[in-house]
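4 protein chains.
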Amino acid sequence: MEARSISMLGTGLIGEFYTMTLHSQRGRDRVKVAYSRSDDRGKAFADRWDIPAYTTSLEEAINHPDTDTVVVGLPNFLHQEAIGLAAEAGKAVLCTKPLASSAEEAKRIVDTVESAGVFAGYLEDLVYTPKTLKAVTAVQGGAIGDVTWVRSRETHPGPHSAWFWDADKAGGGAIVDLGCHCIEIIRSFVGKGNRPLDVMCWADTLVHPIKAEDNAVALIRFESGAIGQFEVSWTFRGGMDLRDEVAGTEGTIWLNHFLRTGYEMYTSGGGSGYVAEKIESEEGWLFPVGDEVSELGYVDMFSDMFDSMESGTDPRETFYDGYVVNAIMDASYRSAESRQWEPVDVEWRGGSTPRIKKHVKTHDGHAIVKEEVLPDGRRKLILSDKDTGSIFDVVT
Amino acid sequence: MEARSISMLGTGLIGEFYTMTLHSQRGRDRVKVAYSRSDDRGKAFADRWDIPAYTTSLEEAINHPDTDTVVVGLPNFLHQEAIGLAAEAGKAVLCTKPLASSAEEAKRIVDTVESAGVFAGYLEDLVYTPKTLKAVTAVQGGAIGDVTWVRSRETHPGPHSAWFWDADKAGGGAIVDLGCHCIEIIRSFVGKGNRPLDVMCWADTLVHPIKAEDNAVALIRFESGAIGQFEVSWTFRGGMDLRDEVAGTEGTIWLNHFLRTGYEMYTSGGGSGYVAEKIESEEGWLFPVGDEVSELGYVDMFSDMFDSMESGTDPRETFYDGYVVNAIMDASYRSAESRQWEPVDVEWRGGSTPRIKKHVKTHDGHAIVKEEVLPDGRRKLILSDKDTGSIFDVVT
Amino acid sequence: MEARSISMLGTGLIGEFYTMTLHSQRGRDRVKVAYSRSDDRGKAFADRWDIPAYTTSLEEAINHPDTDTVVVGLPNFLHQEAIGLAAEAGKAVLCTKPLASSAEEAKRIVDTVESAGVFAGYLEDLVYTPKTLKAVTAVQGGAIGDVTWVRSRETHPGPHSAWFWDADKAGGGAIVDLGCHCIEIIRSFVGKGNRPLDVMCWADTLVHPIKAEDNAVALIRFESGAIGQFEVSWTFRGGMDLRDEVAGTEGTIWLNHFLRTGYEMYTSGGGSGYVAEKIESEEGWLFPVGDEVSELGYVDMFSDMFDSMESGTDPRETFYDGYVVNAIMDASYRSAESRQWEPVDVEWRGGSTPRIKKHVKTHDGHAIVKEEVLPDGRRKLILSDKDTGSIFDVVT
Amino acid sequence: MEARSISMLGTGLIGEFYTMTLHSQRGRDRVKVAYSRSDDRGKAFADRWDIPAYTTSLEEAINHPDTDTVVVGLPNFLHQEAIGLAAEAGKAVLCTKPLASSAEEAKRIVDTVESAGVFAGYLEDLVYTPKTLKAVTAVQGGAIGDVTWVRSRETHPGPHSAWFWDADKAGGGAIVDLGCHCIEIIRSFVGKGNRPLDVMCWADTLVHPIKAEDNAVALIRFESGAIGQFEVSWTFRGGMDLRDEVAGTEGTIWLNHFLRTGYEMYTSGGGSGYVAEKIESEEGWLFPVGDEVSELGYVDMFSDMFDSMESGTDPRETFYDGYVVNAIMDASYRSAESRQWEPVDVEWRGGSTPRIKKHVKTHDGHAIVKEEVLPDGRRKLILSDKDTGSIFDVVT
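Taken in sequence, the protein lines are chains A, W, B and X. Numbering-wise (the working numbering), the first sequence opens with residue 1 and increments by one. Numbering-wise (the working numbering), the second sequence opens with residue 1 and increments by one. Numbering-wise (the working numbering), the third sequence opens with residue 1 and increments by one. Numbering-wise (the working numbering), the fourth sequence opens with residue 1 and increments by one.
Since the hints were made in silico from the structure, they are not lab data. Given the structure is predicted, the values throughout are model-derived calculations rather than measurements. Accuracy of the hints is not assured; some may be wrong.
Where chains are identical, the list cannot tell them apart; a pair therefore holds if satisfied intra-copy or between any two copies.
Said to hold, decoys possible - Only pairs whose alpha carbons sit at most 27 Å apart, straight line, appear in this in silico DSSO-like list of lysine-lysine:
{"id": "1", "residue 1": "Lys107", "residue 2": "Lys43"}
{"id": "2", "residue 1": "Lys361", "residue 2": "Lys386"}
{"id": "3", "residue 1": "Lys386", "residue 2": "Lys43"}
{"id": "4", "residue 1": "Lys43", "residue 2": "Lys380"}
{"id": "5", "residue 1": "Lys380", "residue 2": "Lys358"}
{"id": "6", "residue 1": "Lys169", "residue 2": "Lys107"}
{"id": "7", "residue 1": "Lys211", "residue 2": "Lys380"}
{"id": "8", "residue 1": "Lys211", "residue 2": "Lys386"}
{"id": "9", "residue 1": "Lys211", "residue 2": "Lys357"}
{"id": "10", "residue 1": "Lys169", "residue 2": "Lys192"}
{"id": "11", "residue 1": "Lys107", "residue 2": "Lys278"}
{"id": "12", "residue 1": "Lys211", "residue 2": "Lys192"}
{"id": "13", "residue 1": "Lys361", "residue 2": "Lys107"}
{"id": "14", "residue 1": "Lys169", "residue 2": "Lys380"}
{"id": "15", "residue 1": "Lys278", "residue 2": "Lys361"}
{"id": "16", "residue 1": "Lys357", "residue 2": "Lys380"}
{"id": "17", "residue 1": "Lys169", "residue 2": "Lys358"}
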């Protein structure tokens with residue numbers, strides 16, 4: 001196993017989380033140079049994380065001779081430029097979410113890295129939470145049958161950096177910031193090869209004095225008939241609500257990644273110290289998570305990225321996935337505007353997925369709708385008449 | 001306080017729950033006659049609940065001289081006829097959900113009871129669960145500010161009686177069976193005077209061999225800007241999932257009425273006995289509720305109905321509410337077909353509700369988007385430029 | 001079913017809860033006279049609950065001609081006197097917990113009502129919570145096999161009335177106030193006929209400036225080998241913690257009666273109004289219960305008491321049970337002093353309970369300690385050698 | 001940062017977990033040789049984890065030229081020998097729990113490594129769960145005031161290897177297997193410098209055909225007045241129950257490490273695959289954890305050990321801690337026998353801890369027992385009379 005040497009572009013909250021992850025535990029990989037638009041912030045960051053160099057030059061950071069991997073932790077309107085430079089430098093490039101501001105831009109980015117032949121990974125951390133990884137494996141193993149519906153919810157009181165709130169820079173609001181996570185979680189459960197057909201989306205600006213949407217809900221219809229549902233909000237009160245629910249023909253999965261994970265604390269407020277990301281208060285009942293960078297997926301995400309580089313395989317999340325996410329977000333915005341279902345416009349590479357199967361048993365030729373055992377032990381069958389389709393029951 | 005004497009129409013699961021409630025604890029009200037389409041089931045029911053009379057004649061049950069109140073626990077295609085007879089008899093009439101198969105029929109039913117001048121109550125039990133009652137009071141008291149979003153979810157593996165599954169008889173599937181509950185829960189939280197404007201609905205038949213939808217999700221847009229979201233399914237695995245979530249500008253409410261209420265039991269399967277409605281297994285981890293008729297709202301519902309009769313006031317749930325529910329369900333079906341938002345067509349009596357208020361503070365004339373306290377104690381303001389609307393931040 | 005007419009002795013928090021319960025829903029029973037030591041409080045109470053009469057004379061309240069039942073909601077040092085007067089009056093008497101200040105006094109009270117031949121019920125509400133009733137039925141039905149251990153925990157930040165805190169008046173502290181509940185919950189699960197043999201108890205005054213214990217933990221050893229464990233505290237922070245856990249040879253039960261019951265609310269503090277008993281704050285994350293008098297057992301308790309009076313049977317909780325509770329509390333105090341197990345000194349009427357059964361299967365004559373299925377499908381047996389008792393394993 | 005090279009002694013469940021942890025993610029440390037008593041198991045283990053060498057000779061494994069660190073994952077009756085050899089070899093040694101079969105043996109082991117001057121770490125993983133680490137930090141930061149009580153519970157249906165069940169080999173039963181975890185969790189919360197004074201313990205063999213205890217509960221009294229309570233069982237049904245509760249004068253902490261961590265799954269049983277350690281079933285409602293080796297503390301534990309070796313500091317858990325644990329377990333067994341509190345016999349190095357402070361405020365010279373705000377806004381004080389100690393209240 002080789003050690004990776006990293007150029008970290010961006011020293012905001014996400015650069016902080018990335019570096020904390022890379023430098024935690026007994027990992028072999030290290031950040032060797034940090035890029036910040038501000039000299040002060042770059043220096044402070046390098047000091048804090050024991051990084052040997054920092055710079056305010058994007059080119060310099062990317063082309064630094066000691067690094068082999070570029071991690072893009074910049075606002076999304078800067079992704080295309082940074083990825084282009086990394087591709088030119090022939091270095092592996094990992095980019096934070098969302099990949100781009102639109103599917104069109106995302107497609108150009110995909111083309112860039114594919115032409116250059118460099119390794120490219122999409123840093124969609126929430127697909128890598130230990131719970132999600134285990135649940136996706138369970139679903140792929142058949143534990144809940146065919147997936148019929150996935151709800152992915154990410155809501156909190158709003159982001160920390162100004163550019164997120166600026167629709168012109170970010171390319172949107174809560175959908176761009178949070179919906180991208182939900183979309184990949186949904187795709188991971190319904191199957192990456194399950195084509196997203198169309199989207200119905202509601203979005204509104206209910207609370208904040210901004211142009212971007214601060215609340216949105218969307219339904220995504222997949223080829224199998226499964227429905228994905230994302231709920232995003234910048235007006236949630238009570239902390240950060242990250243929950244996923246998956247329904248299948250043979251089971252159900254409920255995941256809670258942040259607010260109810262088995263750590264509950266009441267405090268009258270006397271103590272001090274960081275409790276959790278986006279917490280609203282430091283007294284009363286609080287719900288910390290144990291190890292944030294692990295619970296939020298950062299640890300497993302970087303392991304997958306670097307292991308994939310070494311083995312020469314695709315990581316779980318590729319730039320193509322990022323492009324599909326942008327395409328679904330584009331359809332969401334169109335639908336919020338047109339007030340009807342809008343098709344997902346994407347160059348599809350994922351193949352075809354059959355319709356969810358109805359395993360219908362019959363009784364005397366009539367389809368069995370439901371089967372119950374009565375208290376007296378007899379069996380009650382609710383049947384659909386084979387000729388008329390009308391429903392009746394028999395007790396046997 | 002007077003005791004009420006009741007004609008119970010219908011001896012299926014709902015008649016069972018109603019009578020169990022009325023005859024439980026130390027209540028003064030009693031069922032005096034039961035109507036069933038089957039003589040055998042009528043007799044068994046009367047024996048089981050110590051009811052002095054039973055009959056297979058609808059007229060006889062309704063006009064029974066010992067009763068003053070008619071409870072309609074029949075399939076919904078029989079409601080109009082039964083309510084018409086009760087109105088003619090000049091008796092108080094309480095009708096199970098949904099009120100009718102369509103808004104048009106519901107409106108005729110409303111007109112019938114209003115012309116006759118009889119007391120009419122809509123037996124929407126889930127609005128009366130103790131948790132919902134308390135939460136609605138908290139919301140009305142301002143505990144969570146303006147309501148922005150309500151999710152109401154009711155899913156289980158499907159109903160017990162054949163007619164529910166027959167779209168021709170029931171007038172639909174999971175929406176008609178379960179969505180009616182969700183709609184009233186949503187209306188209770190956003191406010192009964194908050195006009196439902198339009199509906200966007202997805203519905204599909206994914207698993208069962210029936211014509212009716214076995215899964216649906218809908219968004220309801222209200223005059224204030226608030227969004228209601230109902231999720232219904234007859235294919236849920238794991239029991240009966242009854243949950244509500246309410247988001248407001250100042251808070252959040254999460255209610256779980258059935259599967260996670262503080263009673264958790266693991267059993268290797270040796271025991272015996274009824275655990276809960278629509279449970280799927282009698283071994284492994286089970287999640288019973290304490291007292292079902294109380295937790296599902298039946299006790300408080302009948303108390304409200306009878307207390308309202310005595311005090312001459314409207315109950316919490318009226319036939320007009322039932323009519324609004326039918327109108328929203330009608331719009332849901334139209335939307336599932338047209339694949340776009342559809343207006344709710346209703347004769348509105350509820351007045352007008354203003355838009356959710358944005359309480360915007362300013363700094364130097366710029367709107368404050370977010371305010372954070374930094375670790376070093378300084379205050380960071382994210383501001384929207386008063387002239388350009390672009391977003392920037394200052395630290396003070 | 002007859003209606004009961006009640007003399008309510010005491011207008012403090014417990015009298016309030018009792019009357020709220022009796023006058024709630026559609027109940028037929030009513031309080032006809034209230035006794036308070038203070039004329040002002042008596043009048044306010046009678047006004048609040050629409051009670052026709054009140055008095056500061058204990059005799060007058062008990063002998064009031066319109067009542068047939070006396071409910072004792074007084075501090076425990078007044079129970080003996082009140083019960084004596086009720087017995088003389090030949091009226092049914094229901095007494096709040098604990099029955100007396102010591103087993104000796106409790107025994108005299110039992111003798112008094114038994115000599116007088118009046119109906120006597122012990123108002124131990126927490127045994128009647130809907131969850132406890134259902135769980136006890138499940139245990140009696142064999143759902144978790146033989147009970148091996150019961151934990152009952154009741155803790156909160158301390159009672160509201162001064163006399164509770166005064167060891168001289170109350171006869172103790174948190175054990176007397178809260179342990180009595182736990183003991184009956186434990187007995188209900190291990191079986192009322194399962195003799196409590198001895199008790200080991202730790203008690204201390206850790207936080208409050210009082211002589212009575214503000215914290216205690218005790219183990220109660222029963223004839224079957226089962227262990228009961230009670231945990232009581234007047235120094236708990238975060239609300240009122242009422243939880244029970246039951247372990248059996250075939251299963252497990254976890255009950256949460258108050259702080260986690262499926263109702264979760266975050267509020268920034270803008271609203272107003274009563275949330276729950278012994279809550280510590282009105283902002284942040286709060287955990288109300290739906291209907292307190294139902295969830296805390298009051299409704300089912302009075303139904304059982306009055307139904308038992310009518311049917312001439314013993315209620316679930318008798319004065320004899322109250323006496324056993326006092327005997328176990330006496331042993332607890334002795335043990336806290338002597339620092340060793342102390343026998344429970346009680347005139348036992350409950351018969352005998354056999355030792356928890358070991359259902360030992362054998363393999364080649366050796367007892368099977370554990371049986372596991374290995375990943376490759378083979379069966380691994382951990383065995384106890386029939387001659388030496390040493391443990392070894394075989395794979396078959 | 002250096003990479004460590006490890007001799008892994010033992011290839012059972014614990015060796016499996018240790019190696020899985022060391023070889024997971026992007027860690028730099030590696031197992032270079034494995035020791036097993038069985039050649040077959042050694043070979044299979046080395047193959048499974050890609051370990052270059054294995055042997056059935058303890059000496060050979062310990063003295064292997066490529067390793068600098070010995071990890072002892074053997075049954076506890078072999079610890080002393082293995083640690084002795086490692087000390088002779090001058091290598092760092094890390095030993096699984098419990099350190100020894102008795103305090104006497106543990107003390108000899110401590111003396112051995114201290115004489116040899118080698119680094120020695122006690123592999124008590126559950127003190128290192130991410131939740132425990134964060135909660136201990138919160139407690140040390142004052143978030144819950146002075147700790148008054150800690151409950152640590154570890155129960156499951158029994159261990160996988162024969163020797164655990166053999167009291168002669170293991171030196172006991174569930175206390176030795178599980179109580180050692182609980183004791184260190186308790187000590188971490190009350191403070192390592194808080195001397196354990198005495199222990200009261202109940203133990204019994206209720207279910208299994210063995211001599212060792214299969215159930216035990218103990219109270220540990222610390223110098224500050226705080227109480228630790230451990231509950232261990234090999235007869236729990238429903239999975240593995242790992243929970244801790246901490247009460248303090250200013251707050252409360254509840255940790256759930258395994259059965260309720262925000263991952264809930266219902267499955268009808270169709271899928272396949274490993275769900276979690278000590279699970280009882282693969283259908284119905286299941287409660288997996290995300291990443292077991294992280295959630296159970298193994299990752300943070302080895303990081304702390306190796307980081308401490310490099311920095312030349314003591315790890316969080318030392319052999320001295322293991323010795324204190326053995327001393328407390330010895331007192332537990334003595335107490336279970338003598339049926340009274342037994343002193344903890346230990347050579348104490350931890351200094352002294354003052355009694356939990358009572359922060360008593362006064363009113364007119366009387367100590368304030370409780371302070372409440374009445375609904376009408378007035379303040380009610382419950383006071384302890386400065387002369388008599390009797391309790392009374394005033395409203396101000």
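Checked against the structure, which of the hints given earlier come out wrong?
-> As far as the earlier hints go, 1, 3, 10, 11, 12 and 13 are violated by this structure, in ascending order.
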